[in-house]
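Listed here are the chains, written in short residue letters.
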Amino acid sequence: MMQSHARTGKLFAFTIRKEWLKLLLWLAGCAFYVILGAVAFVEVYGDPLERQAMAQAMQNPAMEALFGRAIGIDNYTIGAMYSHTMTIMGFVLFAIMSILLVVRNTRSEEEDGILELIQSLPTGRLASTTSAILLLVLTNTLLAVMSAGLLIGLGDSSMTTEGAVLTGILYGLVGLIFGGVTLITAQLSSNARGAMMLSFGVLGLSYMLRIIGDSGGFNALSWISPLGLLYGAEPFVENNWFPVWVGLVLSFVLIVTALGLKHRRDVGAGLLPDRPGKRHASVFLKTPLGFLLKLVRTPLIVWVVAMILLGVSYGSVIGDIEDVLAGNEIIEQIIAGDDSVSMADQFIAMIMGVLAMAASIPTVQIILRLRSEEKKNRLDKIIAGARSRTSVLSTFILTSLTVAFIFQLLQSLAFGGAAVAMGYDIALLDMVSAGLAYLPAMVVMIGLTVMLVGWLPKASSLIWLYLGFAFILLYFGGLFDIPEAVSWLSAFYHIPEMPVEEWNVWTAVLLTIIGTALTVTGAAGFRKRDID
Amino acid sequence: MTKLIEVDAIEKSFGKTKALEKVSFSVNKGEIVGFIGPNGAGKSTTIRILLGLIRADGGSATIFGKDVWKESVAIHKRVAYVPGDVNLWPNLTGGEVIDLFLSMRGAKVDKQRKEELIRRFEFDPTKKCRAYSKGNRQKVALIAAFAADAEVYIFDEPTSGLDPLQERVFQECAKEVLAKGASVLLSSHILSEVERLCDRVAIIRKGVIVESGTLDDLRHLTRTQITLKTKENISSIKEQSFAHNVSINKDQVIFQLDSDQFDAFLSYIQPFNVLKLESAAPKLEDLFMRHYETVEGVE
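Which chain is which? The protein sequence lines are A and B, in order.
Going by the UniProt record's numbering, the first sequence opens with residue 1, and the numbers climb by one from there.
Going by the UniProt record's numbering, the second sequence opens with residue 1, and the numbers climb by one from there.
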């Protein structure tokens, strides 16, 4: 077995050399998230009465679906508030970091044939996987230490050292667990994309189990989900260490299993079978649109299914909100400001925003696909054919627009349908219009992406930063005091929150014009610039 | 002669496809063996088994007498490998990658030798790998391999992507390591390269070794393509025993000539007043076709 790990140290040193910048940026992003939570709560919710009011407002299925089971409600300290509202989103962020890290350092390199070169040197059969594992452990240890340190330094007296250390460990553990899951999926699938999709599938499933478990009253489901399990540690409230031990054992089992699988299998092979492909290109594939759809088909199908499930999960908790809040005028006043607006409607408006941002991911991905085709030197083969750049680009833009429309339609139908089915009193049509109202913001997203691809191709992925910014505004906007000028920068911020607010034709028209202008300018850049 | 590489009846299946069927051959110390065959014949599969990257389903494969799967690390200390398709980390320079590969061997890097190879392959080691063309990425692997002091070199179509001049440099380097007493296994489908370098060849087709021996042994199987233009009508060449697959187009004759019949051919055409004579070396396909015709003829 020692032979299998020969030269792991050297390889690990090299891995750090090629990864340090990426990790630094990721850790900076994570640190920003923790600081945002700690500082904002101390600043904004210094007043215990205000916190207690918030605690009351948090105790309903809708809020629990969003943030997690309400915890520490009796004494809703800053620490409790942080644990309750920041944990789940943080877990998802840290899990994504580790999933990407593992895929990048295992299956991607194997798919590119780099592993073959390394393994033909006197390195052990497991050396490259082991150095990826070491990197995973190192990154998450840094994340844990950094988070604990930040919370101790920035938190108030309710953020105890034990709670801060526990929080840090939980953050590191969630990365270890999902990194471990990815180490396994990297053995199962013979390509990086497949491994990544399987891992995100597990993450999505964990998230949905948690929603149903936390807000639907099936507690067992929350404990099965790794996200729900770690959430159960409740730092600053219960400081329950049991999930940590379970998480450590789980990570260990995942990692050891992955190493076992890797040791036995052939380089380049996946344990899941590859299906044979088609012999000829279909008539549809030969059209520009058909070609593009074929490229993005599988991720789109996965997205559609995930979005519909998410819509149904959220929709099914709406009915309960009214029951819980019935007769509690005080809460309604705090949350809504006036009791004519129902809590549930506010929830619907917020979820619509969350869903629209989620649907923006595949929408933007289609445009970015143009860039990734370019990076792999495949774009020149398409452009060198009988097709102009403009026509190639417009195919991508039109597909992206269509996807935005279909996704918004389907998920508002799923969300609304579930709400209506649970007996909530709202017209399905109102739900669908609330969903479609977000399209102008998505046009702006598309426009910005085209701008980046056209003028700053190397910085195309900055669009994710913008989407992340818009998401934080929406998700935590209700909790933090965010200056109007900052909120104003998000395209989604301008969309009227139906059904609470009225649809505004001018906002829609203006955003569409801005989005179109960005797209046209971006396209001009794309026509002029060199293809990499 | 000591056998450095010994492959004995190895088999490998991928799902239902049988990739290798009882493949056996060997490479002696100080010798270069050509491993030839068409795409998908099983060359790379065999090489990947030899490198312990994939595991044979049956049979045995050893290098230096050690099992290629179980003792891969010990074997790889003395083996250098260059694949046909090299991908590298986009954000590192070629020079960095060469150093990395060499340092992984644990031995001290012979700087002078490395620099000399960089110069001979006309390689710019300061560029990032994402900027390299296929041929330049290939050079990274070739330089790292030749700069290493290995006893066995395994090449899997190493010159795909190199220009003819660089191809020549590769051949010189291969000869140099041979002169130092190393052994080489060269997989290729460029017959001219194999012909120029190899002592022996093993031909694989559909996962089966169909022929192995010295090149001279195999040469009787080859034919040369001749394009001929004469002043006098030479259509009677059809009846000659050395000419095969004759096609006549106006005054131009194209046919296959048995490679050991050049003399008879030259004396035959003398009287026809030759205007143009071109001969093309037999391609691998010709060899294969010829080879199968013979096998079928015997059966």
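Among these hints, one or two may not hold up.
[As the list claims (entries may be wrong)] Distance ranges between label pairs, derived from CB positions:
(1) P164(B) / R17(A): 53 to 63 Å
(2) S282(A) / A179(B): 48 to 58 Å
(3) L205(A) / D8(B): 44 to 54 Å
[Claimed, not checked] Stretch by stretch, here's where chain B covers chain A in the computed footprint (C-beta under 8 Å, at least three residues):
(4) 9-22
(5) 100-114
(6) 300-311
(7) 447-453
To be clear, the hints were calculated from the coordinates, so they are not data collected in a lab.
By construction, the Cβ of each residue, glycine as well, lies at the ideal position given by its N, Cα and C atoms.
Hints, one by one, checked against the model:
At about 36 Å, the CB distance of P164(B) to R17(A) disagrees with the hint of 53 to 63 Å. At roughly 56 Å, the beta carbons of S282(A) and A179(B) sit within the given window of 48 to 58 Å. In this structure the supplied range 44 to 54 Å holds for L205(A) paired with D8(B), their Cβ-Cβ distance being about 48 Å. Closer than 8 Å: that is the beta-carbon criterion, and the region 9-22 of chain A has 4 residues meeting it against chain B, so the requirement of 3 holds.
As drawn, the region 100-114 of chain A meets chain B at 3 residues by the rule of a beta-carbon pair under 8 Å; at three or more, the given contact holds. Counting residues of the region 300-311 of chain A whose CB lies closer than 8 Å to any CB of chain B gives 0, so the stated coverage by that chain is violated, three being the minimum. Counting residues of the region 447-453 of chain A whose beta carbon lies closer than 8 Å to any beta carbon of chain B gives 0, which falls below the threshold of three, so the coverage claim is violated.
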